[in-house]
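S.K.: Use the sequences and the hints to build the structure in full.
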Amino acid sequence: MTPQRSQPKLLLFILFLTLSYTGKAHTNQSIDSATLIDNNYTISEVADKISNYNIKASLYISMGKTYNKTGAFAKAINSFYYALKITELQEDSSKLIPIYNLFAYSLNHLNRYNEAIVYSNKAEHLLSKYPDPEEQIVLQINLADYHCSINEMGLALSHLKNALKTANVSNNTNLKAELLESIGELYFQTDNLVTAAQYFRKALCLLEKQEEINPYKTTNLFFNIGNYYSKLNNKDSALYYYNKALFISEKNHFKDRTSNTLYELSKLYISNRDTAKAYDFLMQHINAQKILFHSTMSQQISQLHVQFNSKNKDNEILIQKATIKTQRLIRLLLITFLLSIILISTIIAVNYYRLKLLNTTLKNQNKEIVLQNKFIQEKSSKLQIANKQLLSSQQRIKKQKLKLEETSQKYLKANSSKDRFFDIIAHDLRSPFQSILGFSTLLYEGYNDLEDEKRKNYIKLIETSSQRVCTLIENLLSWSRSQNDRISLVKTRFCLKELIDEKIDLYKLASLKKKINIISTVQKATTIYGDKDMIKLAIRNIINNAIKFSHTGSRIDIYSESKSQNTTLFIKDYGIGMDATTIKNLFSLENSIRTCGTNGEKGTGLGLIISKEYIEKNEGTITVESTIGQGSTFIITLPTKENAIVLN
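Quick note on numbering: the working numbering labels position 89 of the sequence shown as 89, and the sequence is numbered without any gaps.
Worth flagging that the hints you see were computed from the coordinates, not collected in a lab. Watch out, some of these pointers could steer you wrong.
[Claimed, not checked] In silico DSS-like links for lysine-lysine, alpha-carbon gap of 27 Å or less: (1) Lys-456 <-> Lys-515; (2) Lys-231 <-> Lys-379; (3) Lys-251 <-> Lys-277; (4) Lys-176 <-> Lys-85; (5) Lys-255 <-> Lys-277; (6) Lys-367 <-> Lys-379; (7) Lys-398 <-> Lys-388; (8) Lys-617 <-> Lys-403.
M.R.: As structure tokens, this is what we get:
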């Protein structure tokens, strides 16, 4: 057998290791839950063997702090309970203060606020007798947590300010920065933005003065300042601080803060109508959430493994204890063997019975372990299902993003059309109405003094302006119905020549006025299939446009070409023509260019836009060929029968 240490030296050696390692657990965040649990088993074993109350209580406090570190607050409370019972046996009541504060901290994290306030009150009572600045700060923070939980923000602020007042005496810059930031957050929650900003800046100033800056605290502070500017709608400043927070959080792998910052950036770009960047940050947020979700699930699985390992640890301890008992019994049997064979047999029987019970216990525990293994497998299956659901949500968000972009484009187009619509009303209705009002006034006031020829001229001008208003209103109404899909198509097969001749007659006076000869060679046998009223309005607008931009004394040629499936109509003028830019924007309401006719005729361009929409609603096409100074040709292709295929 190997030589053993003497028991006092052994206990002091183990105590030194466990206390050192426990302190390490509070500073090194890379230690996992399993290591901390193993550490606590060592502390528990040492505590059982120590009779010194001070050391024993310190060990249980260290064990409770370790459980707090891993989030096992219920186990932490159990450890603090043992420490409390041991400390209560001593005469020094001041040692109860940190235990009461630790109780309040753990209970607050379990949302057991009513119990937490009881221990906070006890700590406050003792601190009035035994002042301790550090414990006073912890007490004020616990009280602030309690009042926040019951929505008493004013009292919470008061306690945090008391804590800050105490902390200002010390050189703990990190603590002061945390308190300043916490106060700022409370002011932010109560919409006291100016005061919140002041505290955030103070906290930032403290952190920046440190030689070693805490990245997580700095990230959180930049994020809060970004929220402040976002709430003030100061988007540039919000963007600046969000980006700083994102840079530090990504650099240091702070998954939760990275995810939240990406989401706020996405919302900020949506408010700026920058859908591309908003979508990019939203997708990054989703990916970060996915990583965070996997990390959380991994931690849960790790905790289950820790529980599983702790059960194994319990079993090992039971086996060790059983082995020790067995060895003692064997030694006892060897010593008493000479006394009585009967006594030895009795002892063996008793120990056999005990071992049987122990084996039964071990079997039951093994069954529990098997059940826990099944539970872990079920958790893994649920994780896979959750992953599939996450992928499905991602696809759904992608579709929603596309739909959002389509809606945004429709909104922009509708908004532009609305502006153009009001521009048309403002410019093109005002002029003819002014003419009508002006000449009507002249007629009314000077009717008896005017010559007949002049009166007729004024009446003719009023009639011309009224005709312009009527045509414009008819086009506006047609365009409005088209935009709102309130036009129902009634398609029939009809003669194209009759429609052309009707429109030539309609504009006979206008063409004679400019001495324009309109020549149609469309054959009587030429037919098309569509809504006659729509096509009639479209062709009327194109002929009107041709007359407007034709030179006085020129001509307009109208002819057609028929095929088995469709008929193409050509309306050719020899007027001023158009350049490529004008042709490109000819059928666009948003980008249409106002051009006066050869005799100064005014127009909105709305007639050609309606013509294009109506031709396309009838499954046709319309194109333009034009050269500056040589004229323009409008080419309209329409089906000749139902379900025909229109080819350009």
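S.K.: Run through the hints listed earlier and report the numbers of any the structure violates, in increasing order.
M.R.: 2, 4
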